[in-house]
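Peer 1: If you're matching positions, the sequence shown starts at 970 in the working numbering and goes up one per residue.
Since the hints were made in silico from the structure, they are not lab data.
Note that CB positions come from ideal geometry on N, CA and C, so glycine has one too.
Take the hints with a grain of salt, since some may be wrong.
Derived lysine to aspartate or glutamate pairs resembling EDC-like cross-links, with alpha carbons at most 16 Å apart [to be verified]:
(1) K1110 with D1123
(2) K1110 with E1054
(3) K1082 with D1123
(4) K1092 with D1051
(5) K1082 with D1051
(6) K1160 with D1123
(7) K1082 with E1071
(8) K1092 with E1061
(9) K1082 with D1124
(10) K1160 with D1124
(11) K1082 with E1054
Label-pair ranges, simulated between beta-carbon atoms [stated by the list, open to error]:
(12) M1134 with R1163: 40 to 46 Å
(13) A1132 with L1039: 19 to 25 Å
(14) I1059 with N1161: 24 to 30 Å
(15) A1099 with F1030: 30 to 36 Å
(16) G1090 with L1181: 18 to 24 Å
(17) P1119 with A1169: 20 to 26 Å
(18) N1007 with L1150: 29 to 35 Å
(19) G1029 with L1164: 20 to 26 Å
(20) N1069 with K1160: 28 to 34 Å
(21) N1168 with K1142: 44 to 50 Å
(22) A1132 with L1033: 49 to 55 Å
(23) G1116 with N1161: 39 to 45 Å
(24) N1168 with F1037: 16 to 22 Å
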Amino acid sequence: MQTKAILSGCSFFLLFGCSLQGQLLHTRVADPINYSPNSFYWTPSASLFFCQIDGDQASGFNKLGFQFALTTGYRLKARNIDALELSMGIAERGSRRFFNAETLESAFHIRAKQIELQIAGLKQFGSIEALFGLRPTMLLKIQECEGVNPGIADDFARFGCLASMGMGCKLSKKVSCRLSLDYSVYSILRKNARLRLYNASGAFHNGLGVTLNYIP
């Protein structure tokens, strides 16, 4: 399963890269704030996530995650600066609980590595941009690093989807920053997951993100 997932991910990136190359050959590169309408732009980005999995019988955004992504966008209007974006990246999300000496709750650390493809719309309000969209995901690997849940890979579904919303602004001519909130649209568990380890309603990725975008 893992080999097929990696091959599928490579295929996704290849197609995405070819699409981006074609855009750059026929249009000027631009950022969404300072260029004319009906034009393409692109930007690489790095994100830091504060993560948890709702439904894993723990609480708190104790897991640090990350994402490295490449985004291409199309600006629609000059004055309103509306744009559509497509991004693809490699991310790690998950959940973490530290050992509690008072309650004797065991520690666990869930690490989920996945490919994330985001389709989003942008709206500009002065110097602030608002973002909303969907983020389909494909799980590459999931593990529990403390050894308390060795069969975790059998519990989680390969494909998922996150709803995403955020706000951002330019920090300089070459760098912009976004703050985002991501939440699973539906449970990330398989139908035959061991429900004694999770809530009956399912499990859901929940993440607060800080993203830095480089503007070429």
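Peer 1: Next, verify each hint and record whether it holds.
Peer 2: Hints, one by one, checked against the model:
| no. | hint | in the structure |
| --- | --- | --- |
| 1 | K1110 with D1123 | holds, 11 Å |
| 2 | K1110 with E1054 | violated, 26 Å |
| 3 | K1082 with D1123 | holds, 15 Å |
| 4 | K1092 with D1051 | holds, 5 Å |
| 5 | K1082 with D1051 | violated, 32 Å |
| 6 | K1160 with D1123 | holds, 10 Å |
| 7 | K1082 with E1071 | violated, 32 Å |
| 8 | K1092 with E1061 | violated, 28 Å |
| 9 | K1082 with D1124 | holds, 15 Å |
| 10 | K1160 with D1124 | holds, 8 Å |
| 11 | K1082 with E1054 | violated, 23 Å |
| 12 | M1134 with R1163: 40 to 46 Å | violated, 32 Å |
| 13 | A1132 with L1039: 19 to 25 Å | holds, 21 Å |
| 14 | I1059 with N1161: 24 to 30 Å | holds, 28 Å |
| 15 | A1099 with F1030: 30 to 36 Å | violated, 22 Å |
| 16 | G1090 with L1181: 18 to 24 Å | holds, 21 Å |
| 17 | P1119 with A1169: 20 to 26 Å | holds, 23 Å |
| 18 | N1007 with L1150: 29 to 35 Å | holds, 30 Å |
| 19 | G1029 with L1164: 20 to 26 Å | holds, 22 Å |
| 20 | N1069 with K1160: 28 to 34 Å | holds, 31 Å |
| 21 | N1168 with K1142: 44 to 50 Å | holds, 47 Å |
| 22 | A1132 with L1033: 49 to 55 Å | violated, 22 Å |
| 23 | G1116 with N1161: 39 to 45 Å | violated, 22 Å |
| 24 | N1168 with F1037: 16 to 22 Å | violated, 31 Å |
Hints 2, 5, 7, 8, 11, 12, 15, 22, 23, 24 from the earlier list are contradicted by this structure; the remaining hints agree with it.
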